[in-house]
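Participant: The chain contents come next:
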Amino acid sequence: MNTRKVPQGYVLLKSSDGFEFYIAEECAKVSKFLKTTLESGFSEAKTGQLNLNEIPGHLLEKVCEYFYYHIMYEQTEGNLAPFEFPPEMAVELLMVANFLDT
Amino acid sequence: MSRRLGSRVLILPFKHSVQADPKYAERTWDSLKEAIKEICKHNTGVLSYEELYRNAYNLVLHKHGDMLYNGLEDCLTELLDQVVRQVAAHTDSSFLEKVKQEWEWHKVSMIHIRDILMYMDRTYVAAKRKTPVYDLGLALFRKVFIKSTLIYERLVNGILGLVELERKGEEVNRQLLASLITMLRDLNGEQEGEEIFYDFERRLLKETADFYYEEAQLQLSICSCPVYLRRVEQRLVEEQDRIQSYLCVNSPSELIKVVQDELVTRHMETIVDMENSGFVHLVRNDCTQDLAIMYNLFHKVQGGDELLRSRLKKEIHTQASLILNDVDNRDDPIRWVEAVICLRQKYMNIVDDAFCHEQSASRNTSMDAWSLDTCVDKKLLQTVNDSFEWFLNQFVRTSEYLSLYLDHRIRTDFRNASEAEMENCFEQVILLFRAVRDKDLFERYYKQHLAKRLLSGRNFSEDIERIFIEKLKSECGYQFTSKLEVMFTDIRTSAEEVEAFRTALDDPQSSLNGIEFQVNVLTTGCWPIRNQPAARLPLEMQRCCQAFEKIYFARHSGRLLSWQTSLGNVELRAHFPSRRHELQVSTHQAIILLLFNHHDELSFRQIQEETGLPQNELIRCLKSLACGKYRILCKEPKGKEVVDTDMFSFHSKFTCKLVRIKVANIMAEKETEEEKRETQGRVDDDRKPQIEAAIVRIMKARRYLDHNNLVSEVISQLQTHFVPEPAEIKRRIESLIEREFLERDNNQRSYRYIA
Numbered sequence: 001m002n003t004r005k006v007p008q009g010y011v012l013l014k015s016s017d018g019f020e021f022y023i024a025e026e027c028a029k030v031s032k033f034l035k036t037t038l039e040s041g042f043s044e045a046k047t048g049q050l051n052l053n054e055i056p057g058h059l060l061e062k063v064c065e066y067f068y069y070h071i072m073y074e075q076t077e078g079n080l081a082p083f084e085f086p087p088e089m090a091v092e093l094l095m096v097a098n099f100l101d102t
Numbered sequence: 001m002s003r004r005l006g007s008r009v010l011i012l013p014f015k016h017s018v019q020a021d022p023k024y025a026e027r028t029w030d031s032l033k034e035a036i037k038e039i040c041k042h043n044t045g046v047l048s049y050e051e052l053y054r055n056a057y058n059l060v061l062h063k064h065g066d067m068l069y070n071g072l073e074d075c076l077t078e079l080l081d082q083v084v085r086q087v088a089a090h091t092d093s094s095f096l097e098k099v100k101q102e103w104e105w106h107k108v109s110m111i112h113i114r115d116i117l118m119y120m121d122r123t124y125v126a127a128k129r130k131t132p133v134y135d136l137g138l139a140l141f142r143k144v145f146i147k148s149t150l151i152y153e154r155l156v157n158g159i160l161g162l163v164e165l166e167r168k169g170e171e172v173n174r175q176l177l178a179s180l181i182t183m184l185r186d187l188n189g190e191q192e193g194e195e196i197f198y199d200f201e202r203r204l205l206k207e208t209a210d211f212y213y214e215e216a217q218l219q220l221s222i223c224s225c226p227v228y229l230r231r232v233e234q235r236l237v238e239e240q241d242r243i244q245s246y247l248c249v250n251s252p253s254e255l256i257k258v259v260q261d262e263l264v265t266r267h268m269e270t271i272v273d274m275e276n277s278g279f280v281h282l283v284r285n286d287c288t289q290d291l292a293i294m295y296n297l298f299h300k301v302q303g304g305d306e307l308l309r310s311r312l313k314k315e316i317h318t319q320a321s322l323i324l325n326d327v328d329n330r331d332d333p334i335r336w337v338e339a340v341i342c343l344r345q346k347y348m349n350i351v352d353d354a355f356c357h358e359q360s361a362s363r364n365t366s367m368d369a370w371s372l373d374t375c376v377d378k379k380l381l382q383t384v385n386d387s388f389e390w391f392l393n394q395f396v397r398t399s400e401y402l403s404l405y406l407d408h409r410i411r412t413d414f415r416n417a418s419e420a421e422m423e424n425c426f427e428q429v430i431l432l433f434r435a436v437r438d439k440d441l442f443e444r445y446y447k448q449h450l451a452k453r454l455l456s457g458r459n460f461s462e463d464i465e466r467i468f469i470e471k472l473k474s475e476c477g478y479q480f481t482s483k484l485e486v487m488f489t490d491i492r493t494s495a496e497e498v499e500a501f502r503t504a505l506d507d508p509q510s511s512l513n514g515i516e517f518q519v520n521v522l523t524t525g526c527w528p529i530r531n532q533p534a535a536r537l538p539l540e541m542q543r544c545c546q547a548f549e550k551i552y553f554a555r556h557s558g559r560l561l562s563w564q565t566s567l568g569n570v571e572l573r574a575h576f577p578s579r580r581h582e583l584q585v586s587t588h589q590a591i592i593l594l595l596f597n598h599h600d601e602l603s604f605r606q607i608q609e610e611t612g613l614p615q616n617e618l619i620r621c622l623k624s625l626a627c628g629k630y631r632i633l634c635k636e637p638k639g640k641e642v643v644d645t646d647m648f649s650f651h652s653k654f655t656c657k658l659v660r661i662k663v664a665n666i667m668a669e670k671e672t673e674e675e676k677r678e679t680q681g682r683v684d685d686d687r688k689p690q691i692e693a694a695i696v697r698i699m700k701a702r703r704y705l706d707h708n709n710l711v712s713e714v715i716s717q718l719q720t721h722f723v724p725e726p727a728e729i730k731r732r733i734e735s736l737i738e739r740e741f742l743e744r745d746n747n748q749r750s751y752r753y754i755a
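In the order they appear, the protein sequences are chains A and B. Under the UniProt record's numbering, the first sequence has 35 at position 35, and the numbering climbs by one with no breaks. Under the UniProt record's numbering, the second sequence has 108 at position 108, and the numbering climbs by one with no breaks.
For reference, chain B alone in the conformation it holds in the complex:
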């Protein structure tokens, strides 16, 4: 029968022997009860702690814990019931104050009661797993007092009423609100029906939403966009302040979100699209401050960023199409590019100044200093860049215009410009260039213009050119600029070549007929030169050329020289009846002028025959000589245009104050449609081998690839130069299959590399 007990040893508290009196327990409890009532009347000072503690101690010790605990509960309930009636009798004005006071008194009383019942807390409550005395006191306060029908609604409505009053701009007792709200929070129970604070929060959020709904309705109808934005910002600051000083809610962010939702999110489009003060208006007038406020508000709410981005994109597109459709701009590359740069700068400034959000960076060592970094909104910046990319690629002449603009600035403006100014200009051009998809097209134009600058020899500064080429190199890589570098080298070696040629001649003066002969030897393929048939040169010049060829071939065997007369310049000394002038003309113009050494009058046809110049070129030369600023030739009949029936004669009555005259060659600065097509065609031709090379490179590495992947790889490889058309890639692939570099796999969508 013996049951083994666990080896736990129970030590029972020592039994006191005071329990002689059977009524002892009741008597002791009665005295304690009286004491508790005294405590709740704030008469603690007259009671002896030791006595009360001893009584409670003895009660618990003698197993009267239940009686003590339940008695306490009943006693408190009874007392609180009285308090409810007292407080409910107060009018609205002092009601909240009274609640607060009762709460504070109750807390003090409960501390005292807890103190005298300390022993019970330690033993009885712990053993029976009951609520500790103090917490019991709070729970009863909630159950009996706060949740009382006489109190609860009045209390919550009172608090919400005060909050609303303050939102309307009136002074309220913030301390009172703070203690009442803290009270609700401290009294929040975990079981259903006890979550008074959550209930309060829900109602607060609803009140807030209602209040700001009204506010938004009213303000939107009377305010302009910036005023409204400022008001919202102010409201948010106020609300934040309110949260900090008394609305100590569990989720302040939720409250703020409600305000944002009501004031911003709901009305986002209305705000942005306000006529004469909305987003577009602010952007057009560079109101960065207002935009910054707008951005800060919108950035924090869902969908705000997207909306701003879409509006910004739309606005850039609008502005861009204005530039595109402006006839003056379209035909003037310089103005066009300047307008674009200006527009871009404007948006960049706005993004920089207005669209920054604060980013809390790492905390400094000292506690008080938070370093706040502002950080430009990357996505908005991206939007600007994307829009410009779209816009620049929308216009077919972007590459050409950019290069022309650059050419113009380098030739004219930079002589007196500071380095910073130049740097800035280059930077801007590069920024636009970055967005251009057909980089090879730009390269072609740039090369053409660079060649002209290099060969004209005037207004040419290698330093300036090199700065820009360095920029291109860092943008597109070495490959992109290697041919440009060759052009510079050619010019330098040509100078040496001519030097060598001079020294090699026995008698430079006589063998060159007194002509100061200068040659530039250009590497074929690196210069953007159309191979034109050379013009028929006068005898003097031909002899110079022959002399040069002789010596050049002696120095370098196995080379071929072909003369490009279209790119040369000549300085002529002309004897007019009035005085002697020095004329700076192109080689072709010089050839024409030299004809008049032997003839007084020549027809267009005759000139054409003598010089062998193509019609277009001839018309251009004659125009500059007979219809330009300095009319060295007379044309019969007179007129602005040159036609092939005109007669030309030497203008003997020519007068001019200057000794040196530069005859401007009327050159089509901008390409004609025909030339443009030609350039495009040549660019397309250049692209074919590049695309093929890319395909072969990729296939060699991958061996086997399906069509779509191949196309996307080719595009990504060539992106730095241009964006190839998928159709063109397909044609190239087919051509490679024909030439047996690749073969189709059984399933038609894949290719295999054939070694």
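So that you can see chain A by itself, here it is in the shape it has in the complex:
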């Protein structure tokens, strides 16, 4: 496994097809799966790198967008700007969400 140094406060998510995403730890923890991963005593918690072998790059990108969207509007009440994604991605995204427990 590639052991690159991940900056403090960030995590590195790798998609099944090799795309890499650095996102803020805070945002990653929107997913219960990622949260547990980062807080448990397993190897990922030490390196801050996660291989997500289930998720291809285009989905992971959308997922990361959603994390940020979620954090941004977490405290807001009332009408939110809708989170947009292409309809053909919907089923795949649902599956990923089930996996990530988001």
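There could be a bad hint or two in this list.
Said to hold, decoys possible - Derived Cβ-Cβ restraints for the label pairs, each shown as a range:
1. A:58 to B:198: 57 to 65 Å
2. B:178 to A:101: 30 to 38 Å
3. B:198 to A:101: 31 to 39 Å
4. B:131 to A:101: 53 to 61 Å
5. A:101 to B:175: 34 to 42 Å
6. B:173 to A:75: 44 to 52 Å
7. B:131 to A:72: 34 to 42 Å
8. B:175 to A:86: 53 to 61 Å
9. A:101 to B:85: 35 to 43 Å
10. A:101 to B:82: 30 to 38 Å
11. A:75 to B:89: 55 to 63 Å
Source of the hints: derived by calculation from the structure; they are not laboratory data. Since the model is a prediction, treat every value here as computed from it, not as a measurement. Think of the CB as a built atom: it goes at the ideal place given N, C-alpha and C, for glycine as much as any other residue.
Chain B: place on chain A using the hints.
Facilitator: Structure of chain B alone, referenced to chain A:
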């Protein structure tokens, strides 16, 4: 054939297409199993969470949940079995430590396992209603590890052993105990056989009871009461501390109760009745601190209060009968009352200082400050009051003595006393008075003594008297003191009357023969005066009286004056051969002395004839003149007692340094038995109309009432004045029936009011 299904739409998880390999499930499970074993060996760091999670996820997704769940259960059981053997091999010294360590490791491992099986918890476990992974881990730890025959007994006995060691005063590892006991509590299951913590608690309570049973046996045989009490208090504090720091039992109060039961409740009587250091000893020696400890301990246990109350009552009764049976006290009202006040004060102090329990009052705004109020034990206070009430009413002369004591203090002590001192004295008397049942009897005596003070004119301060009367008023109501108020008014109007009389006389000097004449006009019925026949007054005095009557009747028509010579005072100027003296004497004494202006020697009989005084009164007067401190008359034959054959003559050789001499009237301060009976009789007579009035009042309001209720109502109405005898009430009712105020109902037990 079509069956209508409910309108529920089922969304099935998307099916992955990875299931090409039929051996996939077994392989995945094997890898997971290996990982779990690694986790239990604390090698979590080398495992990839994502991989394990993904594997578990896929297994569940492909309907291998059962396999995963059961596999996990078997795997954990197997692992724990190994742990049991390892731990059992440890010696006693490190055994408990090891158990604690395994427990903590197990908890950490289970968290990790739960994390990787998170998806199973969310879906499979929830759907099949199984125990969640973490709880399953705990249940297995209990079932396989703790309940193992190799572990359980050793563990519980080990913990109890350490607790006992600490109770014996040795240092133990409290942290270890705390974590082990918490472990047992966390592992307590709800089904039978799983309630290991309840089992542990039961055994702890039993151990505790045994330990303190021994302790009590030992300490009671060697300690005095205060030492034992302090020890118990210390023990309770220790136990409380133990509960706070590690014995985190479900019902700490139960544990404390066991300690209290063993140390206090079982031995209450032994402790209280310890010779030379028990309750009585502590009370007699005013050991309020020790008593406070005793009270605090006893107050918390059942029956403790009652025991203390009964002992306190007994002790007061003992002390009271000492006072009652002390001959010196019995005959000296002042000493008697002082002794009683003193005794009461003593018990009051003890109750105030020792018998207080803490009462948590309302919580203050700041979280840390609990305001603790101490509150005197009302029931114990009541006991003291009740005992004194019993005691005061036991002694027939209480009312008389109280009044005499008051009289004594007012006449002698208060001239130089501070206001506070006086106030205090009044307060004490009122407190005792409150307990006296026959308040009307006290009133009678008080009135008698007050009358004497008012009429003597000396040592009389209206302010002081009024303070006390105010107190009586607030105690018994307006009615009680109204007649007393009249007495004060009489004295004041009399002064005005005399003033008017003086100005009305043309020539006061000559018409009164140079006598400075002073009269007090007293309202009949308001003064406690026995209507005695007036003594025969010398001519000079008679003329004064006539002059006064003439002017008084002119001012107030339709009144009747009857002269009460027995209450007056006279100031005489007497010329003795040595020098001139001024004599302060009573009117009756003056009459006797004035006889010797015309005679040198007179016999008892002659004096009696001349003055018309009753024998008793005459003897008393002559005694004070011939046998007292200043002997103005000579008696033949000499002696202390006056009998009716004695001869009296003017004592011409009388000498005294003082110009003014006050001849003390020998008065029976205390009533004789005969007088006492008379007073009692008069009080009884006074009560009759009061009881009748009460009956009529009640019946007028109720119209119809049965006997028992009527009697109890009458008693409650009259209680502020006296406690009437039921037999007397019955007689009054009968008398009222005869006079047709009431009639009997058909059933003999009820009465009807006749308008």
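Participant: Hint by hint, note whether the structure agrees.
Facilitator: Against the structure, the hints:
1. A:58 to B:198: 57 to 65 Å: 58 Å, holds
2. B:178 to A:101: 30 to 38 Å: Because 36 Å falls inside the window, the suggested range holds.
3. B:198 to A:101: 31 to 39 Å: For residue 198 of chain B and residue 101 of chain A the Cβ distance comes to about 38 Å; the hint holds.
4. B:131 to A:101: 53 to 61 Å: Cβ of residue 131 of chain B to Cβ of residue 101 of chain A: about 20 Å, so the range 53 to 61 Å is violated.
5. A:101 to B:175: 34 to 42 Å: At 37 Å between Cβs, range holds.
6. B:173 to A:75: 44 to 52 Å: Given a distance of about 48 Å, which is inside 44 to 52 Å, the answer is holds.
7. B:131 to A:72: 34 to 42 Å: 39 Å, holds
8. B:175 to A:86: 53 to 61 Å: 59 Å, holds
9. A:101 to B:85: 35 to 43 Å: Given range 35 to 43 Å: holds, Cβ gap about 38 Å.
10. A:101 to B:82: 30 to 38 Å: For residue 101 of chain A and residue 82 of chain B the Cβ distance comes to about 33 Å; the hint holds.
11. A:75 to B:89: 55 to 63 Å: Since the Cβ atoms of residue 75 of chain A and residue 89 of chain B sit about 56 Å apart, the hinted range of 55 to 63 Å holds.
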